[in-house]
Amino acid sequence: MSLSINNVTKRYRIRARKSVVNALNGITLSVEKGRTLGIVGESGCGKSTLARLIVGLEPPTEGSLLWSGSPLGQGVKNTFRSRHSKTQLVFQDPYSSLNPRQTIGACIAEVLKTHKLRGDAEISARVIELLAVVGIAADMQTRFPHQLSGGQRQRVAIARALAAEPELLVLDEPVSALDVSVRADVMNLLVDLKNKFNLTYIFISHDLSMVRHISDEIAVMYLGRIVEYGTWDEVLNNPKHPYTKALIESIPEHTNVRGIDFENVLEGEVPDPANLPQGCAFHQRCPLAVESCKLKVPELLNATKSHLVACPEVLK
Amino acid sequence: MGFLKRLASVLTTLFGISVFVFVVLRVIPGDTITSSLGIETGVLTPEQIDTLRAYYGIDKPLVGQYLSWMASFLSGDLGFSYSTGAPVWDLTKSALLVTMQLALFGTILGVLIGISIGMFSARKPGSARDFLGQFFGLLALAIPGFVLSTTIVTVMANKFQYFPNGYEYMTPFEDLSMNLQQMLFPSLVLGIAVAAPIMRTTRSALLETVDKDFVRTAYGKGVKPRIVRLRHVLRNSLIPIVTMTGIQFGYLLGGAVIVEKIFALPGMGRQILDAINKREYATVQSSIMVFAILFVTINLITDWVYRKVDPRIK
Amino acid sequence: MKTSTGRRDWVHYYFKSTSGVIGLFLVLVMVILSIVSALNLAPIDPLEQNPIDALQGPSGTYWFGTDQFGRDIFSRSIDGMSRSLSVALLSVGLAAVVGVFLGVVGGFFGGWLDNLVVRASDVIFAFPAILLALAIVNSLGNSWIDTSIAIAIVYTPIFIRVARGPVLTVKEMDYVKSVRVLGFSTPRILIRHVMPNVLAPIVVQIALSLSWAILTESGLSFLGLGTQPPDASLGLMVSEAQALASFAWWTLAFPSLFITVVVVGLNLVGDGLRDALDPARRSSG
Amino acid sequence: MTNLLEIKNLSVVISEDKRVLVNDVSFEIKPGEAVGVVGESGSGKTLSALSILGLLARGLKIESGEIRFKGADLLKSSAEDLRSIRGKEIAMIYQDPMTALNPVMKIGEQLQEVLDSHQHQITDQKTHILNGLAAVGIADPNRAFDSYPHEFSGGMRQRVMIAMSLLLSPELLIADEPTTALDVTIQRQILALVAKERKRRNMSMLWITHDLGVVANLVDRVIVMYAGRVVETGTVDEIFKAPKHPYTAGLLASLPAAGRDRERLESIPGVPPKPWQVLNTCAFAPRCKEARDICSSHRPELTSNESSSVACFFPLGVKQ
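Here the protein sequences line up with chains F, L, W and Y, keeping their order. Note that this note's numbering numbers the first sequence so that position 133 is 133, with each residue one more than the last. Note that this note's numbering numbers the second sequence so that position 292 is 1292, with each residue one more than the last. Note that this note's numbering numbers the third sequence so that position 193 is 2193, with each residue one more than the last. Note that this note's numbering numbers the fourth sequence so that position 143 is 3143, with each residue one more than the last.
Don't take each hint at face value.
[As the list claims (entries may be wrong)] Quick partial rundown of chain F residues pointing at chain W, CB under 8 Å, derived from the structure:
no.: 1; residue: V55
no.: 2; residue: L57
no.: 3; residue: T61
no.: 4; residue: S64
no.: 5; residue: S68
no.: 6; residue: L89
no.: 7; residue: L98
no.: 8; residue: P100
no.: 9; residue: H115
no.: 10; residue: A164
By construction, these hints were calculated from the structure, which means they are not laboratory data. The C-beta atom is built at its ideal place from N, Cα and C for all residues, glycine as well.
Model the full assembly from the supplied sequences, consistent with the hints where possible.
Written as C-alpha cells, this is what we have:
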C-alpha cells in the first residue's frame, strides 16, 4: 500500500486578470505506507494545493493520484465515501477548522454516524475513546470550540480525522498556529498516533525544523515544482539545490547563537506565480545561474539512488 | 474590471429591467385595452378595438410586443398620454428635471447632515453626544417621509402662513428664488431620510477604522491627532459611505414619489402616480424604464467615485 | 474560560442591552394591540360612524379622538397596525424564505445558477423599492395579500444578498472543507454546517425588513394603493389627516406615532440582535 | 552608563473590568543596545512595547508604573511632548506589513508625513525620502514613491515601514514581530537589513518576538516574559547557554533543532494561564517540574545577579 502522485498538474484560471496560474507543475511523488513525507516550501510554492488534491477537495488538472492503486483525486462518485475515509486532512488553524456551533463531542459523533462506523449504542463510548487517544478528558465533550485552547482544538481536529479511520493523514502546518510551548506536545502526539495506528503522514510546513523532526523523506517545493527530494538526512545534511541551501541557511537556530550569516543573503523576491520567468523559476535569485538556466526548466535528476535534484549545475 | 465589461454588465441589467417592467406592467395585468379602458370597452366597436390593439401592439405575440415596445422606446418614442394626447417623452423631459433637482438637493443635504452627525457621534462612542446622534438617526429612519411632509405642510401653512408649494411650480430658469423655496422642504424631507443610514454608516466606519493598524502607525510616527482623523480615519471611512450614498439614491428616487405628491411638484414620481390613477399604461411603463435607467446611471457614477476613493480597486 | 454552553449566551447578552429591551417592549405592545384588534376586542368598532361625535379631541371615550366621520381613532389605529403587521409578516416571511433559499443555494453551488440569481436581484435592485411595489400592486390588485406579494418581491433580493455573502465566506472556512473531506453529503453540510453559521445576519435582517415593510405598506396606502376605504390603515389615516390636521392635530399625530413607534422598536430589536449574535462584538472574555 | 529607556513596574489592565494583562514589568535599554523580548501570545510582550509610545488599543490602559526615556517619564509628559518623540526619537515597526500602511495614501505621502510632523534640519526632503527607500533595498525609489501599498509584496512593505521609521534617525527602534508574517528567506533579508542599519547608526533596538531563533541571532540581551511578567533576563549567551528559569529552559528544550533526538521532544505539559489568574503566585508553577509548595502560594520576585536576573524560587544551575 502506498500513495503515488503521478505527474500531477493543477492550473487555476484567474478571470479578473485573464491569466493562468500553474499552482502545481508535473509533481511526481510516492509515499510508502507507514512513512512520513515532509513537504517544505514558502508561500506560493503549491504545498497547500497539493494537500487539497490528495484529500480530494479538488481534482487535478492533469495527472493522477492513487492510494494503493485506486484513484484518490478524481471525483469518482461511487467511491466517494471510501476515498474520503482513507485520507484525512488536519488544517493549520484550529480556530477555524471546527464548526463553532457544534460541541466537540457532537462533531466527532457526527463522523461515526454519517459513515455508520459504529452502531448507535457504541457511538458515545467511541467518542470518549477517540478523545482519550488525543489526550482530551471525557468531560470536555460538551464544550464548544471557543471554550478550548488552541492546542486542545488541534487535538480535537486530529481526533475527528481519526474517527474516519484513515490510512493517510495530511497535516497542513498542524502546529504553526500554536503557542511555542504547546507545539512539542502536539508533535509528540502525532508521532505516537502514527506508531499506534500505523498511519502514513504527509507533513506540510514552512518550518524546516518541524519537518526535519518528523519526516522520513523530504520534498522541497518552489513555485509549483519539486526542486529537491530525498531522505531527511540527504536533503538537510547534504543539500544540493541552491534554493534548499538558502532555505536551510535562512533558519535562525536558537542552538547557534549569532550563527546566522547576514552577509550572504539570498536576495530578491519570489516571482509572481501567474507570471513565471522562462526556464528555471529560481534563476533570477540563484547564485549559480548560467545562461542555460533561463531557457529550460530543469528536470529532477538523481544525485544518488534516493536523492533527486532539479539543478543540472550542481550535478556536474 | 475593464470599462467594456462594466458596460456589458450594465446593459444586461437594463435588458433584465426592461423584461421585468414588461412582464409586471403588461403581462400580469392581462389585456391592456380592457383594463385601461375599463367598462368603456363595451362602447367601442370591434374595429376600433382592433385599431387600438394594433396601435398598442398587443395584437402580436408577447415577444413581438416586447420587441416593438423596445424598438420605439429606444428611438425616443415613449408613447402618447391617453388623457392629454401629448407625447410621453415631452412630459418626461420636464418631469425628469424636477426629480433630478430634488434628488440632487436631497442627496447633498443627506450627505452633509449624515456625515456631520456620524462624526459627532463617533468622536466618543457611548457618550451622551453619541446617544443624541444615534437617537436622531433612529428617528430619521422611523418617521415616514409622508408623515414628516404632512407635518411640515400643516405647521408651515397654518402657523406661519408660509407655503411656497401652494403656488404654481417654477423651474429654476423661470424664477430661481421661487424654485429654491419650493424645493427647500421636499429636499429636506428626503435629505433627513437619507441622512439616517449615512449617519449610521459613517459612525460605524469611523469606529472600525480608528482601530486599524495603519491608524496606530500614523500615531506612532507622530502625526498630529487632527490630521490622523482627517487624512487616515475619515479618508478610509469614505469607502463605505460612498457605497451607502449610492444605495440611498435609489431610496430617494422612491421617496420622490410621495414627496412630489404632497408638495405638488410635477416630477417623475407624480407623473407615474397620475398615470397609474388614470390607467395610462404606456406612460407608466416608459416612465419606470426612464427611472431605472437613471438609477443605473447613478450606480455607474457611484462606482466611479468608489474607484477614485479606493486605489486598490482597478 | 467560561464553562456555560454558549448556545443560550446570546439571549442573556441581548437582555443586557437597554435599547434592545426597550425595542422589544415597544414591538410587543404593538403586537398585543394588533391581536386585540384582530380578535374584535377593540373598545369601539373601527368602522362605526358617529357623525355627532365627529372630530372630537382625545377624551375618556375616544382615547385618540375621532375623525371626520366620528370614527374612533384609537380603534382605527390598532386596526391599521394589525393590518400593517400582517402585511409585514407575510411579505418578509415570503421574501426571507425565497431569498435565503436562493442566496444559500446560489452562494454554495456557484456557477450559472448563482450568476442568474445575482443578475435577477440586480434587476430588482435597480428600482426604488416603493416605486416597484407601486407598479406591482397596480398590476396585482389592492388586497392585503397582493400588497404583501408586491413587498415580498421588493425585499427578496436583500435576503439573497444577506444570505449569499456569508455563505461565500463560510464555504471557504476550514471547518466546511474538513467536513467535505470527511465525505459528508452536501445537504448535510448545507443544513448542519453552513446554515447555522449564516443565520445571525438573516435574523437581524428579518427584524429590519419588517420595519421597512411597514414603512412601504403605509406609504402605499398613503398613496391610495393597498388598503381601500373604509377599512382602516395607518397610511390612509395620515393621508386623510392632511386636510384635517390644521384644526384636528390628533388625526395626524396618533397614526403617525404608531408607525414611528413600531419602526423604532423593530430597529432597536434588529440592532440588539446584531450585537448579541455577533461573537466578535462581545469577545472581551 | 545611563539607560536610554527605563520601564519600572509597568502594569496594563483592561479598563472595563481591571483584569491585568501586564503585571509589574521592569526592564531597561542602554544606548546602542539591542534587547529582545521573548514570549508567547498573551505574555504581554506587545502590550509592554505599545505602552512605551502610548499606543495601546481602546479599552486598555496603563494602571501604574513609569516609562523613562532619557530620564523623563513619558507617562507624565503632555500629549504634544509624547507626539514629538514618536517617530522622531522612538520609532516603531509592526507585525503585519499588509495592514500597517494606509491603503489609500501613496507611499511617498506616508513617508513625507513623518517629516511634516516633526522639526528637523532636512532641506531636500524628497531626496532624503528617496535615499531612505534606496537604503532599505527598494530597487526603484522613484516609482515606489508614487505607488500605493497594495502594489507591493509583504517583504517590500516591511522595507517601506523600516525606511519610514528610520527617516529621522531615531535613537530607539521598537520592532513588534516584524518578520513573523514573512517567508523565511525574506525574513533573513529583513533581519540582515535591520542588523546593518542598527550597526551603522548605533541605534538602540527593542525586538519583540516569539521566535527564540531570531532573538539568538539578532540581539545582545534577552527578556523572557510569561503570563504578563518578566521571568528572566540576561545576555543572549546566558539565556541560550545557561537558562536559569525552568520556563526558559523548558522552552529551549522543547524546540526541535539540528542534531537533536528526532523521536521525542521535551514537552511542557499544559497551557499558559491568563495573566490575571496568576497575580500572586509563580505563573509557571502548574507546568513546572521543579515546582514546590511555595511556588503556588507566593510570587517569586525578579532578583538580579550582575547582568542577569530571574524570577524563580529554585533557579536552575544555582546551588540551593
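Comparing the hints with the structure gives:
Look at V55/F: its Cβ gets to within about 5 Å of chain W, closer than 8 Å, so that hint holds up. Given the 8 Å rule on beta carbons, the hint for L57/F holds: about 6 Å separates it from the nearest Cβ of chain W. At its closest, the beta carbon of T61/F sits 18 Å from a beta carbon of chain W; the interface hint therefore is violated under the 8 Å criterion. For the restraint placing S64/F at the interface with chain W, the shortest Cβ-Cβ distance is roughly 19 Å, beyond the 8 Å limit, so the hint is violated.
Proximity of S68/F to chain W is violated relative to the hint, the smallest CB-CB distance being about 18 Å (cut-off 8 Å). Interface hint status for L89/F: upheld, as the beta-carbon distance to the closest one in chain W is roughly 5 Å, under 8 Å. For the restraint placing L98/F at the interface with chain W, the shortest Cβ-Cβ distance is roughly 6 Å, inside the 8 Å limit, so the hint holds. Because the smallest distance between the Cβ of P100/F and any Cβ of chain W comes to about 7 Å, under 8 Å, the interface hint for this residue holds.
For H115/F, the interface hint holds, since its Cβ comes within 8 Å of a Cβ in chain W; the closest pair sits about 7 Å apart. At a threshold of 8 Å, the smallest CB-CB gap from A164/F to chain W is about 6 Å, leaving the interface hint in force.
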